[in-house]
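Each chain, written out:
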Amino acid sequence: MEGNNSSSKNKNSIVQFLNKIGIGSFISALMAIILGLVFGYLIMLFAIPSSANDGFGYILFGGIERIGDVFYFATPIIMTGLSVGFAMKMGLFNIGASGQYTMGMFFALYVGFMWDLPDGIHWIVAVFAGLVGGMIWGLIPGIFKAFLNVNEVITSIMFNYIGMYLVDMLIQSSGAMYDPIRTRTNYLPGSALIPPLGISGSNVNFGILIAGLIGIILYIVLQKTTFGYELKATGHNKFASEYAGMKGKTNIVLTMGIAGALSGLGGALSILAPSAIAGSSMTYEPINIISQAGFNGIAVALLGNSHPIGTIFSAIFISHIQRGGTLASLVGYKPEIIDVVVAVIIYFSSFSMIMSSYLGKFIKRLVIHSNKDDKDDKDDKEKNNLEEA
Amino acid sequence: MDTVYYLIQNMLPIAIPLLLVALGGMFSEVGGIINLALEGIMLFGAFFGALFVYFIQDSGMNPQTILLLGMVVAAVAGIIYSLLLSFASITMRADQTIAGTALNMLIPAVVLLFSKMFFGSDGVTTNVSFYIRKIPVLGDIPILGELFFQKTYLTVVIGLVFMIISVIIFYKTRFGLRLRACGEHPHAADSVGISVTKMRYLGTSISGFLGGIGGFFYSVGVMDGNVNGHTGVAGFGFLALAVMIFGQWRPGKVFFAALFFAFLRTLAYSVELIPFLNNLGIDRTYYKMLPYIATMVVLAFTSKNSKAPKAEGIPYDKSLR
Chain G
1 MEGNNSSSKN KNSIVQFLNK IGIGSFISAL MAIILGLVFG YLIMLFAIPS SANDGFGYIL
61 FGGIERIGDV FYFATPIIMT GLSVGFAMKM GLFNIGASGQ YTMGMFFALY VGFMWDLPDG
121 IHWIVAVFAG LVGGMIWGLI PGIFKAFLNV NEVITSIMFN YIGMYLVDML IQSSGAMYDP
181 IRTRTNYLPG SALIPPLGIS GSNVNFGILI AGLIGIILYI VLQKTTFGYE LKATGHNKFA
241 SEYAGMKGKT NIVLTMGIAG ALSGLGGALS ILAPSAIAGS SMTYEPINII SQAGFNGIAV
301 ALLGNSHPIG TIFSAIFISH IQRGGTLASL VGYKPEIIDV VVAVIIYFSS FSMIMSSYLG
361 KFIKRLVIHS NKDDKDDKDD KEKNNLEEA
Chain B
390 MDTVYYLIQN MLPIAIPLLL VALGGMFSEV GGIINLALEG IMLFGAFFGA LFVYFIQDSG
450 MNPQTILLLG MVVAAVAGII YSLLLSFASI TMRADQTIAG TALNMLIPAV VLLFSKMFFG
510 SDGVTTNVSF YIRKIPVLGD IPILGELFFQ KTYLTVVIGL VFMIISVIIF YKTRFGLRLR
570 ACGEHPHAAD SVGISVTKMR YLGTSISGFL GGIGGFFYSV GVMDGNVNGH TGVAGFGFLA
630 LAVMIFGQWR PGKVFFAALF FAFLRTLAYS VELIPFLNNL GIDRTYYKML PYIATMVVLA
690 FTSKNSKAPK AEGIPYDKSL R
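Keeping their order, the protein sequence lines are chains G and B. Those letters in the first sequence? Residues 1 to 389, by the numbering used here. Those letters in the second sequence? Residues 390 to 710, by the numbering used here.
Derived from the structure by calculation, the hints contain no laboratory data. Positions of the beta carbon are idealized from the N, C-alpha and C atoms, including for glycine. Warning: the hint list may mix true and false statements.
Claimed, not checked - Example chain G residues on the side facing chain B (calculated, C-beta under 8 Å, incomplete):
no., residue
1, Y41
2, L45
3, I95
4, N149
5, V150
6, V153
7, I154
8, Y161
9, I289
10, F295
11, I346
12, S350
Said to hold, decoys possible - No farther apart than 20 Å at their CA atoms in a straight line, the calculated lysine to any residue pairs in the SDA-like style are these:
no., chain 1, residue 1, chain 2, residue 2
13, B, K523, B, S510
14, G, K238, B, K699
15, G, K247, G, N237
16, G, K334, B, F503
17, B, K696, G, N149
As the list claims (entries may be wrong) - Residues of chain G placed beyond 12 Å of chain B at every Cβ, according to the derived structure:
no., residue
18, L197
19, L330
20, Y333
Just chain G, same shape as in the assembly:
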């Protein structure tokens, strides 16, 4: 009987251990991903039945051959994902990542075109400018939320539009930045480009390292600093944290500022990246459409459970299936299929925690069922105890 007890204790401690390292959220993310992929497969089967298997194969494994591109396109969505996730830790929903991203991109472009700085410094200054631009655009919803009690979701959405119109106007009215014939921005001078990592057949650059480093820094800030602790405490219970003397309003403004800076950095890292054409940068086309990168950031953050390290991996995963989706056009599918899959993944991940807790209960019941003998023993013991008493 002693042996049985200790074994069930072990089982409990294993469950506790798994919970501690966040395995529950990992499993629920995995469930959402699988459901999303199955949905995507069904659509492919419905659209072109004969090549569904090939197309799905591309989506699952196509990205592996183009791993450099996967990292290249993961960089901006790591940053917007970190931005959304960081605000989410405080219970703020930063749907304004798109506007902050666009703003950061504009600031980086401005420094890239207008400031004449030496090689090796120019791109660093441009990246910092992007950070500042995003931070300004993030501080605004923070201030509205903290001091005027306006919901950050609605402010963020409004400033997505204001930022998009503003940036498009400023770019179009600048002769140095805008090429009216191609209706895009010009190529940036070489000194403003982020140096490539030198992997052949890909433009992957220092941006991915910067993004990864920032993810780790955020992890440390959240886990090891007072500010991180206050942030999470406010996210858990606003009233209790205020009662405990934490400065709620300052923290809201600060959090949104940092979240904005992260998105802005994403915009800078994406526009300053070298493109496939040798010696040229990425370009931006001002066509009055809100950037998709911010919304993909929401997907990335949700999938990564707002955990900085989890966010990095989920961004790489999303980028991976996006590359695969581009390849699936070889067998006749449109790349939009990936946007559908990602949206379905988010839909399911919005309640996958509940699904996985149901699943957990179900598994627990199975385990209890198979260990019924243990339980009977226990019951006997309890009965004995009662009788003795």
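Chain G is already provided as a structure; the job is to place chain B on it using the hints.
Structure of chain B alone, referenced to chain G:
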């Protein structure tokens, strides 16, 4: 005077979708569910409405009959799409903002995917003209007739009818009162035998109904009956949310808020026609930003004592009673 006529005639087809969608959002939120998916619901309704028009346009039917039938299709589509939100946020107790965001992301991609596969374009293009030069009888009323019933769309009249019905449902029926109870204090509502789940499902379904119709009316009144997956409904779903908050979750105020925003937007797109504004020489983009900036200014002044339903956004948990 011609400018005033022009502005009002152009404002109404824009105000009506905003009004209907904002009313939809209101019905959902007073029941306790934040409906961030309005943008997606609008596009879903607009897409199916336009698809219906596309398939029926060669049958030689009266354009206004087609519009009414398309409206029904859009309404059904909107309800079906809103059920996805209801299922996630009521039955599965999901985070309502996240579920809504997912639904908003899904639809543009689906529209693009479908249109590229079957039409080889970015959306659905129809060639039915729903435009009305003059509504018989009503259009002959002096001044008012010219303002409201000439050079317009049938959507304006239908929209006003829905507005009146909404006011009656909201204030004068048992259902309206019960729905509001579920958004303010669901446990109290439950304790007197009202099914919170059922009420909330009904609330979001009404928002799906009005959202779908609003989306179709947007495509009729603003996009000439077309739907495009890239531009979607141009943030009207989000703007409608702002209109709803500006309107403090009450139908009458929502009505005036919708007119206000539609007026600003019409002004932004017709600067050239107004000599005074045109002579100022301000970049037109500033006028395009105006509705959004005005939203922020208004919200900044009104949000301190917001009348938001107290239980909105919180999944109902019976065991917490």
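Quiz item: If you check each hint against the structure, which ones fail?
Solution: 1, 2, 13, 20
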